[in-house]
Structure formats: C-alpha cells, structure tokens
Amino acid sequence: GAGVSQSPSNKVTEKGKDVELRCDPISGHTALYWYRQRLGQGLEFLIYFQGNSAPDKSGLPSDRFSAERTGESVSTLTIQRTQQEDSAVYLCASSLVFSEAFFGQGTRLTVV
Amino acid sequence: AQSVTQPDIHITVSEGASLELRCNYSYGATPYLFWYVQSPGQGLQLLLKYFSGDTLVQGIKGFEAEFKRSQSSFNLRKPSVHWSDAAEYFCAVAPFSGGYNKLIFGAGTRLAVHP
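The listed protein sequences correspond, in order, to chains A and B. Going by the working numbering, the first sequence opens with residue 1, and the numbers climb by one from there. Going by the working numbering, the second sequence opens with residue 1, and the numbers climb by one from there.
FYI, nobody ran anything at the bench for these hints, they're computed from the structure. A couple of the hints might just be wrong.
As the list claims (entries may be wrong) - Below, computed lysine to aspartate or glutamate pairings styled on EDC-like, alpha-carbon distance capped at 20 Å:
1. B:K102 to A:E44
2. A:K15 to A:D63
3. A:K17 to A:E72
4. B:K102 to A:E100
5. B:K68 to B:D85
6. B:K49 to B:E20
7. A:K17 to A:D56
8. A:K57 to A:E68
9. B:K68 to B:E15
10. B:K102 to A:D18
11. B:K49 to A:D24
12. A:K57 to A:E14
13. B:K61 to B:E20
14. B:K102 to A:D24
15. A:K11 to A:D24
16. A:K57 to A:E44
17. B:K102 to A:D56
18. B:K61 to B:E15
19. B:K61 to A:E100
20. B:K102 to A:E72
21. B:K49 to B:D85
22. A:K11 to A:E85
Predicted model only: the values in this text are computed from it and were never measured.
Build out the structure end to end from the sequences listed, making use of the hints.
Written as structure tokens, this is what we have:
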C-alpha cells in the first residue's frame, strides 16, 4: 500500500484478555517502530526493528508486551493479560535507513 | 542516552502572530532532527527534517527550523500563525549511526491559536 496500515483501528477488550495489533509498513522500509500514546501525552517508544538486526526492546514496559516482525514486512504487537493502564493509541511507523519515519493512523485500545 | 526536551507544554498565540517552539536534544554527536505535527484525531505528519548542510531548513505549511549546534537546539518557527495550525507539535531525534536510527520524541507542545 501507499502508507503504513494498522489494524484494527479501534479495539475494546476486557481486562485480562490478550490483544494483537497489526502493522503493515511501507514496502521496502527496513525500519519499523511501535510507540504508545496515552491520552494527552507524548509518544512513548516501545520497540524498534531494523532489518535483520536484533530488535531494540528497551521501551517495552513489561513482559506482558511483545512484538514480532516477519522479515521486512508485517509486525504484530501483542499485549497479554491487558490492564486498564494499557489503554492508549498504539502507533506504528516505518522508514528507510537514514530517512524520516512515516506513521500509521494508530490503533486505539480501550481496556474495560 | 539520547533525549529530547520540549520545554513548553502549552503555547497560545493569536492568529497572525509569530511562533517559536523550542526543542533541545542531548546526544554525543549531531543527530538527525525532525519536527512532526499531530492535528486533533489525526496521525503524525512530518513538517521538516535536518540531516546536514544548511542549518535553516524549510518545511511544509510555512514552517522553518534552525539547527544550532552550540545550543543543541532545533527550534521551529513560523512568521504568521493560522488558526489551522492549532495542533500538537513533536520534536524528534535519531542518531542514524551505523544504520541504527531509533527515533526518540519529545513530550510535545500543544499549540492553541486565538482568533
């Protein structure tokens, strides 16, 4: 596609359930990022994939959070045993090396 | 570790007035620098970027930013603000060292524009 695509756009889940968020980056982009944005807050770095290198997971807030990326394509962010504090917009971005990042529209996650 | 500071959480200006949003970074070398804008309910859009060369960069929507190495700053400016500029503005840095370009954002500055 022409841009970064995220699905679902909205997700409501019950506390304690697992959720999977999907990101389709721009074709050919080697770098992929996940960020969390709580209501009225800035972008909190979660994880960064670059090509075949080991991902930078330094921003994952707990072991309930994990992410995978298949080659240089789709990425999935998984949150296990969701908590109310996980409610946020999860943003995905992709980029070429030495270039700016392009963002998707985000997935709004609400944990009830 | 690299970090980005946007000292102003909220700024209010009158339409037609000039604007300057501040951004300071902490990094051992000169990183790549970006400004993004997030309008209400919208995704993030790149306004401008600095990689090297001329320290005054022009962006979209009439914005410009100036890189000052001595001050580790990359402030965003606009000579005359329009009501449609009301949004949240984020400064970001990436080291782009050895192909590693983890992008780190500041906390953002929320701009309100009075008619």
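Can the restraint linking B:K68 and B:E15 be considered satisfied, given a maximum Cα separation of 20 Å? violated, 27 Å
Given hint A:E14 paired with A:K57 - CA-CA distance at most 20 Å: violated, 26 Å
Please work out if B:K102 and A:E72 have their alpha carbons no farther apart than 20 Å. holds, 16 Å
20 Å Cα cutoff - pair B:K102, A:D56: holds, 8 Å
Restraint status (C-alpha distance of A:K57 to A:E44 at most 20 Å): Holds, because 12 Å separates the two Cα atoms, which is no more than 20 Å.
Regarding the pair A:K11 and A:E85, is the alpha-carbon distance no greater than 20 Å? Measuring from Cα to Cα gives roughly 14 Å; hence the hint holds.
Does B:K61 pair with A:E100 here, judged by a C-alpha cut-off of 20 Å? holds, 18 Å
Between B:K61 and B:E15, does the CA-CA distance stay at or below 20 Å? holds, 15 Å
Restraint status (C-alpha distance of B:K102 to A:D18 at most 20 Å): Violated, at roughly 27 Å.
Does B:E20 sit within 20 Å of B:K49, going by the straight-line distance between their CA atoms? holds, 16 Å
For the pair we were handed, B:K102 and A:E100, check the Cα-Cα distance against 20 Å. Roughly 11 Å between the alpha carbons, so the hint for B:K102 and A:E100 holds.
Tell me if the straight-line CA distance from B:K68 to B:D85 falls inside 20 Å. violated, 24 Å
Of the numbered hints given earlier, the model fails hints 3, 5, 7, 9, 10, 11, 12; all others are met.
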